[in-house]
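Protein sequence lines correspond, in order, to chains X and A. Reminder that position 268 of the first sequence reads as 315 in the numbering used here, one-by-one numbering, no gaps. Reminder that position 203 of the second sequence reads as 522 in the numbering used here, one-by-one numbering, no gaps.
A couple of the hints might just be wrong.
[Said to hold, decoys possible] What follows is a list of derived Cβ distance ranges for each label pair:
#1 Leu420/A x Val227/X: 30 to 36 angstroms
#2 Gln150/X x Asn467/A: 40 to 46 angstroms
#3 Asn221/X x Trp366/A: 54 to 60 angstroms
#4 Trp110/X x Asp565/A: 29 to 35 angstroms
[Stated by the list, open to error] Per the computed footprint, the stretches of chain X lying under chain A, defined by three or more beta-carbons under 8 angstroms from a beta-carbon of chain A, are:
#5 51-59
#6 135-149
#7 164-171
#8 253-267
[Said to hold, decoys possible] No farther apart than 20 angstroms at their CA atoms in a straight line, the calculated lysine to any residue pairs in the SDA-like style are these:
#9 Lys354/A x Ser176/X
#10 Lys509/A x Pro55/X
#11 Lys509/A x Leu399/A
#12 Lys493/A x Asp206/X
Simulated from the structure, these hints should not be mistaken for lab results. No residue lacks a Cβ here, since even glycine has one placed at the ideal position from N, Cα and C.
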Amino acid sequence: MRKRSRLPMFVTLGVLLFLYAPILVLILYSFNDSRYPGAWQGFTLKWYRMLLEANSVEARDIWRATRNTLVVAFAATIISMVFGTMAAWAMYRFRSRLQSLHQMLVYAPLVVPDILMGISLLMLFVNMSVNLGLTTIVVSHTTFCISYVALVVLGRLQDFDHTLVDAARDLGANGFAVCVRILLPLLGPGIAAGGLLAFTLSVDDFVITFFTAGPGSTTLPVQVYSMMRHGTPTLINALSVIFIIVTFSVVIFSQRVLQRKNNTHPHI
Amino acid sequence: MKRSWREWAISLPSMGWLVFFFVIPTILVCGIAFKPRSINGGIGDGWTLGTWLDVLQPSYPLVVWRTLWLSGMTTLICLLVSVPVAYWLARLSREARNWMLLLIILPFWTNFLIRVFAWWSLLHSQGWLKQALAWVGLVSPDAQLLYNEWAVLLVLVYTYIPFAILPLFASAEKFDFSLLDAARDLGAGKLRAFVSVFLPGISQGMITAFVVVFIPALGSYAIPDIVGGPQSEMIGNKIAQKVFVDRNLPHASALATLLALVVLLPVLYSIFTQRRQKRGNGGRRS
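Please put together the full structure from these sequences, using the hints given.
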């Protein structure tokens, strides 16, 4: 056994430090009794209190934006789960010219920068004289979420045993029964994983929302942006920490659930 | 006949959606680039090449060049750092590897703007990183770390590193590490074995990492907007400026078309190399 170089390990640890340091500093700042990022002025919980009591205009705007974000994310997730799963099934089941075209359509949004998608959707809405609002944001988010859901479900379908469907059919199951009793239970985890990805991408999106949101339909990232640009960024730190706690617990929880599933059904 | 009816029925919803909300808008943008601007900030009637003459003004080549330079440097740094990380991760035990992957992805699940904001507060003239560097004496106390190209580059690298690590790791995981031992037995040095055996072994991952870092970096808007200043604008900033500040939609469309052309080149390149590689592998196997 030769001695391995330690360098890759140090690079990895350095990357982890680089990735976490800003987030840790942000958490510390949220307890800092100072209006501006800077010297430590003492420990305080007043930013959290301001945020949770929602007495100020800023805090109320944040909660409205949070509600908008969740509404958009749920709507976009549900639509893209249905369309994305159908797309994945079509691409898996059929091999034809139509499906190669389908595949190109599904992959293309993945390699297009957000800003191009944002501006082209804005031009479409302007051309159709549609008022910008929550609906246009949902439509835009669905457009990029479909591809991600389709990709995740297609990945699961690669190890799908199609003889199960044939067996069910031989035993007299009709199309509907096959769908409900075979496909959905087996593809469930894949569809859920795709939906989770779509949900987080929707919550996280800033650029496309920025282009397709109208007045009054601000989502949380757009709200954070305008607070950074125009207002005082004091509440952002506390908001970020709440955000971080929520996302980290969702990720760790879903990781646990998925791992348990994998352990009980090692062959699926 | 029945089969093809079923195929259409299941393909149509997603295809229809993507055609209507992705393909048509893209064509629309290219079309609007040839339209004049109406007085009220909308799109006028008739056709014109005037917008393109404005776009080819002397100030834009610099912005295009800066966009290419910043995205290229981001990709290079991300790849240089991520290759050793992928190498190390791939040699870990399965359980340790899953935990490390989770650790790497986790920050990436916090909101993108919040991460940019975190860097903004660190680099800010009162920020801790700035203060620490000034205290050590690496920068002068009144130096400005924000609002320049280096700040943009730093935050771009921060944002895209996980995108580079994941595909490289996926390739490294499939790499047969006994090949490295074989190379060493045959007399290659550590570095030589790494460069001429490991790197070609993960070339597929490198191409994917290149595409998933370089292309989104080209379209950056929020990062140069927040930590960069007017001196470090990228094409994305110009597009947003034409839409929101100048209300000149044809001009914004022409810039978007330009960006789309810049993006298309690496995509075509990667498709081309992948085809060639597939053909190459097929030949070797037979």
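How the hints compare with the structure:
1. Leu420/A x Val227/X: 30 to 36 angstroms: 34 angstroms, holds
2. Gln150/X x Asn467/A: 40 to 46 angstroms: 42 angstroms Cβ-Cβ, so the 40 to 46 angstroms window holds.
3. Asn221/X x Trp366/A: 54 to 60 angstroms: 56 angstroms, holds
4. Trp110/X x Asp565/A: 29 to 35 angstroms: 33 angstroms, holds
5. 51-59: With 7 residues close enough to chain A, the hint holds.
6. 135-149: holds (count 9)
7. 164-171: holds (count 7)
8. 253-267: holds (count 5)
9. Lys354/A x Ser176/X: 17 angstroms, holds
10. Lys509/A x Pro55/X: 13 angstroms, holds
11. Lys509/A x Leu399/A: Distance of about 17 angstroms is within 20 angstroms: holds.
12. Lys493/A x Asp206/X: 18 angstroms, holds
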